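Please model the complete structure; the sequences and the hints are all you need to start from.
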Amino acid sequence: MGNPTGAEGMMDPDRNCGDEHGLVSRARRGDLEAFGALVTLYQERAVRLAFSLLGSWEDARDAAQEAFVKAYQSMGSFREESLFSTWFYRILINHCHDWRRRSQVRRHLAAEGGSTREEAESGADALTTASSRESPAEESLRAELEERIRADLAELPERQKMVFTLRYFEGLTLHEIASALSLSEGAVKAHLWHAGGKIKKNLKRYLEIKEVRR
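Following the working numbering, the numbering of the sequence shown begins with 1 at its first residue and continues without gaps.
Just so you know, not all the hints are guaranteed correct.
Claimed, not checked - Computed list of lysine-lysine pairs in DSS-like fashion (alpha-carbon distance at most 30 angstroms, straight line): (1) Lys-189 - Lys-204; (2) Lys-161 - Lys-204; (3) Lys-200 - Lys-161.
Stated by the list, open to error - Simulated restraints, written as ranges between beta carbons of each label pair: (4) Ala-143 - Gly-196: 34 to 44 angstroms; (5) Pro-157 - Glu-33: 39 to 49 angstroms; (6) Gly-197 - Phe-78: 32 to 42 angstroms; (7) Glu-139 - Glu-80: 36 to 46 angstroms.
Don't read these hints as lab results, they were simulated from the structure.
The structure displayed is predicted, hence computed values, not measured ones.
Yeah, the Cβ is synthetic: ideal placement off N, Cα and C, and Gly gets one too.
As structure tokens, then:
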């Protein structure tokens, strides 16, 4: 099954704060329908973030689903002075860390009992669909660049990867990222600077190679 896609832009989370606040308030009172609406609002973003941490679309979908269950069970402890997105992303990130540790244990046990088959993940596009205003050539280049960015992200240290994903793929503010990851805003800026520098350097080299090949 392929990656999630949607109409959201890289920097446009498309959040309606007023409506979301009402949904959160109802969900805190046990309204399952309201929480389901929150799941619908955040599901694609949650899966993309989980994928950036787990590297598997199947695992990302499962981990995101379990994180939503955890969030629903903990809604009573959510304080509405913070954003639901920040609170939920913290739950999701922690759950992905636990998921990865469990996966490592399972792989270790499987290796002791016999050979394992590594999952082959395609370089499916994790980002949103192209704008209808793009020409075929522009859309093709954008898709290539997004795939290149995604490949570069996989090579970054985990904290830089998470910060970059939350900022440029999910559109969170520096303050929201700092809260979600328990970092200072200065640390968030530093991680963004290092991640952006590495990706920019690789993209520049990639585009130069593309130009030479034309």
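Quiz prompt | Lys-189 paired with Lys-204 [C-alpha distance capped at 30 angstroms] | solution = holds, 22 angstroms
Quiz item: Does the Cβ distance between Ala-143 and Gly-196 fall inside 34 to 44 angstroms?
Solution: Since Ala-143 and Gly-196 have Cβ atoms about 21 angstroms apart, the given range 34 to 44 angstroms is violated.
Exercise. Verify the proposed pairing of Lys-161 with Lys-204, using a straight-line Cα cut of 30 angstroms.
Key: Between Lys-161 and Lys-204 the Cα gap is close to 19 angstroms, so the pair holds against 30 angstroms.
Quiz item: Does 39 to 49 angstroms hold as the CB distance between Pro-157 and Glu-33, or does it fail?
Solution: At 40 angstroms between Cβs, range holds.
Quiz item: That 32 to 42 angstroms hint for Gly-197 and Phe-78 (C-beta), does it hold up?
Solution: At 36 angstroms between Cβs, range holds.
Quiz item: Do the beta carbons of Glu-139 and Glu-80 sit within 36 to 46 angstroms of each other?
Solution: holds, 41 angstroms
Quiz item: CA of Lys-200 to CA of Lys-161, is that 30 angstroms or under?
Solution: Holds - the C-alpha atoms of Lys-161 and Lys-200 are around 14 angstroms apart, at most 30 angstroms.
Checked against the numbered hints above, the structure breaks only hint 4 and satisfies the rest.
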